[in-house]
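A.B. asks: These are the residues of each chain, in order.
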Amino acid sequence: MGLNTTIADNKGWNLAVSIKDVNKWYGTHQALKDVSLDVESGRRVVVCGPSGSGKSTLIRCINGLEEFQKGDIVVDGVPLRPDMRGVERIRENAGMVFQQFNLFPHLTVLENCTLAPVLVKKVSKIAARETAMKFLEKVRIPEQANKFPSQLSGGQQQRVAIARALCLMPKIMLFDEPTSALDPEMVNEVLDTMIELAGEGMTMVCVTHEMGFARKVADSIIFMDAGAIAFSGTPDEFFNGNDNARVKDFIGKINHA
Amino acid sequence: MHQFSYTHVIYLIEAARWTVALSMIAFAGGSVLGFFFAIARVQPASNFVRRVTLVIMRLFQATPLLMQLFIFYFGLSIVGLELSAWTSASIALIVYTGTFLGEIWQGCINAVPQGQNDAGKALALRYPQRMSRIILPQASRIALAPTVGFLVQVIKSTSLASIVGFAELIRASQMVNNVTLRPLLVYSIVMLIYFALCWPLSLWSRHLERRMSAKGRTGSAIIDPKLQVVAA
Chain A
1 MGLNTTIADN KGWNLAVSIK DVNKWYGTHQ ALKDVSLDVE SGRRVVVCGP SGSGKSTLIR
61 CINGLEEFQK GDIVVDGVPL RPDMRGVERI RENAGMVFQQ FNLFPHLTVL ENCTLAPVLV
121 KKVSKIAARE TAMKFLEKVR IPEQANKFPS QLSGGQQQRV AIARALCLMP KIMLFDEPTS
181 ALDPEMVNEV LDTMIELAGE GMTMVCVTHE MGFARKVADS IIFMDAGAIA FSGTPDEFFN
241 GNDNARVKDF IGKINHA
Chain B
1 MHQFSYTHVI YLIEAARWTV ALSMIAFAGG SVLGFFFAIA RVQPASNFVR RVTLVIMRLF
61 QATPLLMQLF IFYFGLSIVG LELSAWTSAS IALIVYTGTF LGEIWQGCIN AVPQGQNDAG
121 KALALRYPQR MSRIILPQAS RIALAPTVGF LVQVIKSTSL ASIVGFAELI RASQMVNNVT
181 LRPLLVYSIV MLIYFALCWP LSLWSRHLER RMSAKGRTGS AIIDPKLQVV AA
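Quick mapping for you: the protein sequence lines, in order, are chains A and B. Quick note on our numbering: the first sequence kicks off at 1 and runs consecutively. Quick note on our numbering: the second sequence kicks off at 1 and runs consecutively.
Check before you lean on any hint, since a few could be wrong.
[Unchecked claim] Below 25 angstroms or equal to it, Euclidean Cα-Cα: the simulated SDA-like pairs (lysine to any residue) are:
#: 1; chain 1: A; residue 1: Lys134; chain 2: A; residue 2: Asp192
#: 2; chain 1: A; residue 1: Lys248; chain 2: A; residue 2: Gly52
#: 3; chain 1: A; residue 1: Lys20; chain 2: A; residue 2: Ala230
#: 4; chain 1: A; residue 1: Lys138; chain 2: A; residue 2: Gly199
#: 5; chain 1: A; residue 1: Lys125; chain 2: B; residue 2: Arg133
#: 6; chain 1: A; residue 1: Lys122; chain 2: A; residue 2: Met84
#: 7; chain 1: A; residue 1: Lys122; chain 2: B; residue 2: Tyr127
#: 8; chain 1: A; residue 1: Lys147; chain 2: B; residue 2: Met131
#: 9; chain 1: A; residue 1: Lys122; chain 2: B; residue 2: Asn117
#: 10; chain 1: A; residue 1: Lys122; chain 2: B; residue 2: Ser132
#: 11; chain 1: A; residue 1: Lys121; chain 2: B; residue 2: Tyr127
#: 12; chain 1: A; residue 1: Lys122; chain 2: B; residue 2: Met131
#: 13; chain 1: A; residue 1: Lys147; chain 2: B; residue 2: Ser132
#: 14; chain 1: A; residue 1: Lys147; chain 2: B; residue 2: Arg133
#: 15; chain 1: A; residue 1: Lys147; chain 2: B; residue 2: Gln114
#: 16; chain 1: A; residue 1: Lys171; chain 2: A; residue 2: Arg43
Keep in mind the hints are simulated off the structure, nothing from the lab.
Just need the whole structure built from these sequences, with the hints factored in.
C.D. replies: Given below as structure tokens:
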């Protein structure tokens with residue numbers, strides 16, 4: 001615990017996410033191998049890599065959706081404890097958007113957005129509704145507020161999911177392949193929302209295969225392979241001056257798709 | 001010997017009240033018990049509670065209801081606990097219904113996609129909040145059809161209570177048969193009464209199932225086929 005506090009103190013509030021030597025096993029299979037990653041406040045990090053390389057596992061470790069066996073993770077100065085105690089504090093600060101949207105199908109769009117603020121932040125229903133409408137306007141679907149998720153298109157659902165996460169006023173946004181389950185014509189509406197968010201200075205960690213998006217908004221790109229970080233650098237270094245054979249192979253495959 | 005007459009039919013229909021009453025008691029009590037069983041089986045906090053609940057549920061599922069009725073009626077009187085036919089039949093049926101409803105509902109809770117729980121966690125909701133606001137509302141939608149389907153099973157099971165002398169429909173039909181000696185007629189009427197009670201429920205359950213699959217509001221939730229067998 002002492003170590004964690006030091007990390008937070010030394011680099012101060014500037015460090016949004018600090019991941020240090022994290023290891024995770026599923027039984028005998030090692031999903032994460034000595035992964036270390038610092039994300040400063042206001043930075044956008046894109047994590048990519050072949051499927052099964054551990055990128056989703058890594059991002060899910062940050063807000064405690066997955067446990068890890070070794071290493072330290074500190075999110076906005078709050079250390080993630082192995083027993084998950086107090087993990088809610090981290091989750092309040094780190095919003096997450098999922099590949100499958102995971103909207104609550106029995107609640108309206110507006111109720112999806114107000115549920116957590118009312119229960120977690122104890123804000124009044126009226127205030128929560130106001131905030132929700134503000135964010136629904138921001139993702140450009142305020143007119144859908146009283147519909148159920150199943151009545152919306154995939155792109156609209158994902159934008160609601162972004163608005164829902166923003167309603168808790170997080171300092172960091174985690175995106176776990178947010179466009180992978182979308183029809184091609186809906187990918188851009190979601191990416192545009194994310195680009196807008198990045199433009200406002202939100203700290204973002206995105207697992208994505210959208211290399212155009214990565215080029216546009218990422219401050220750094222992390223390439224994962226077999227549970228370890230195989231490359232880390234700026235988009236320019238990633239796409240151009242790169243000798244890493246695996247990265248080259250990966251970029252080649254993506255471009256063919 | 002009496003001639004079979006229309007008063008006997010009335011008598012049988014009146015006796016069916018007790019079948020309905022016993023079914024309702026079993027269902028009401030069984031629901032409460034089943035809810036606790038289901039929650040105890042899915043809660044992540046205590047492995048011990050999960051295991052003990054499983055053993056209790058399996059114990060009652062894997063033994064005949066008839067034996068359970070005997071235990072509560074005759075068995076408990078040996079240890080000095082004299083229960084009336086009413087009480088012992090009620091207790092046995094409540095426990096029986098509870099273990100099966102617990103099983104059905106546990107399956108329905110597990111049928112809610114894991115992503116829903118993840119989304120709740122990511123929004124910093126605690127376990128009781130996720131359960132009450134996200135998981136259970138969706139699980140109860142999934143549960144409606146198999147639960148109504150199982151109610152049919154409960155109604156038919158009450159017939160066993162006649163063994164310990166509880167005067168429900170079967171017991172009454174035996175008495176009518178004893179005085180009229182028209183078994184085929186008497187038991188046909190009894191069958192019709194059971195059918196009249198159960199058939200609408202089966203239809204309703206079928207209707208609910210179809211409506212749910214048409215609406216698909218629970219996303220990709222698919223009921224475990226095993227559950228439908230239990231409820232059928």
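A.B. asks: Evaluate each hint against the coordinates.
C.D. replies: Against the structure, the hints come out as follows:
Taking the CA atoms of lysine 134 of chain A and aspartate 192 of chain A, the gap is near 17 angstroms; set against the 25 angstroms cutoff, the hint holds. A distance of roughly 18 angstroms separates the Cα atoms of lysine 248 of chain A and glycine 52 of chain A; the hinted pair therefore holds under the 25 angstroms criterion. Between lysine 20 of chain A and alanine 230 of chain A the CA atoms are separated by roughly 15 angstroms; this keeps the pair inside 25 angstroms, and the hint holds. Pair hint lysine 138 of chain A plus glycine 199 of chain A holds up; C-alpha atoms about 13 angstroms apart against a cutoff of 25 angstroms.
Note on lysine 125 of chain A and arginine 133 of chain B: the hinted pairing holds, with a Cα-Cα distance of about 15 angstroms set against a maximum of 25 angstroms. A distance of roughly 22 angstroms separates the Cα atoms of lysine 122 of chain A and methionine 84 of chain A; the hinted pair therefore holds under the 25 angstroms criterion. Only pairs whose Cα atoms come within 25 angstroms are accepted, and lysine 122 of chain A paired with tyrosine 127 of chain B is accepted, the gap being roughly 17 angstroms. The straight-line distance between the Cα atoms of lysine 147 of chain A and methionine 131 of chain B is roughly 23 angstroms, inside the 25 angstroms bound, and the hint therefore holds.
At most 25 angstroms may separate the alpha-carbon atoms for a hinted pair to count; lysine 122 of chain A and asparagine 117 of chain B meet this at roughly 21 angstroms. Using a Cα cut-off of 25 angstroms, the hinted pair lysine 122 of chain A and serine 132 of chain B holds, with the two alpha carbons roughly 17 angstroms apart. Restraint check for lysine 121 of chain A and tyrosine 127 of chain B: the C-alpha separation of about 16 angstroms stays at or below 25 angstroms, so the hint holds. Of the pairs offered as hints, the one joining lysine 122 of chain A and methionine 131 of chain B holds, with about 18 angstroms between alpha carbons and a cut-off of 25 angstroms not exceeded.
Under the criterion of a C-alpha separation no larger than 25 angstroms, the hint pairing lysine 147 of chain A with serine 132 of chain B is consistent with the structure, at around 22 angstroms. Distance check on the hinted pair: lysine 147 of chain A and arginine 133 of chain B sit about 18 angstroms apart at the alpha-carbon level, within 25 angstroms; holds. Of the supplied pair hints, the one linking lysine 147 of chain A and glutamine 114 of chain B holds, its CA atoms being roughly 23 angstroms apart against a limit of 25 angstroms. Among the hinted pairs, lysine 171 of chain A with arginine 43 of chain A is consistent with the structure: their alpha-carbon atoms are about 11 angstroms apart, no more than 25 angstroms.
Hint check: no violations occur; every hint is consistent with the structure.
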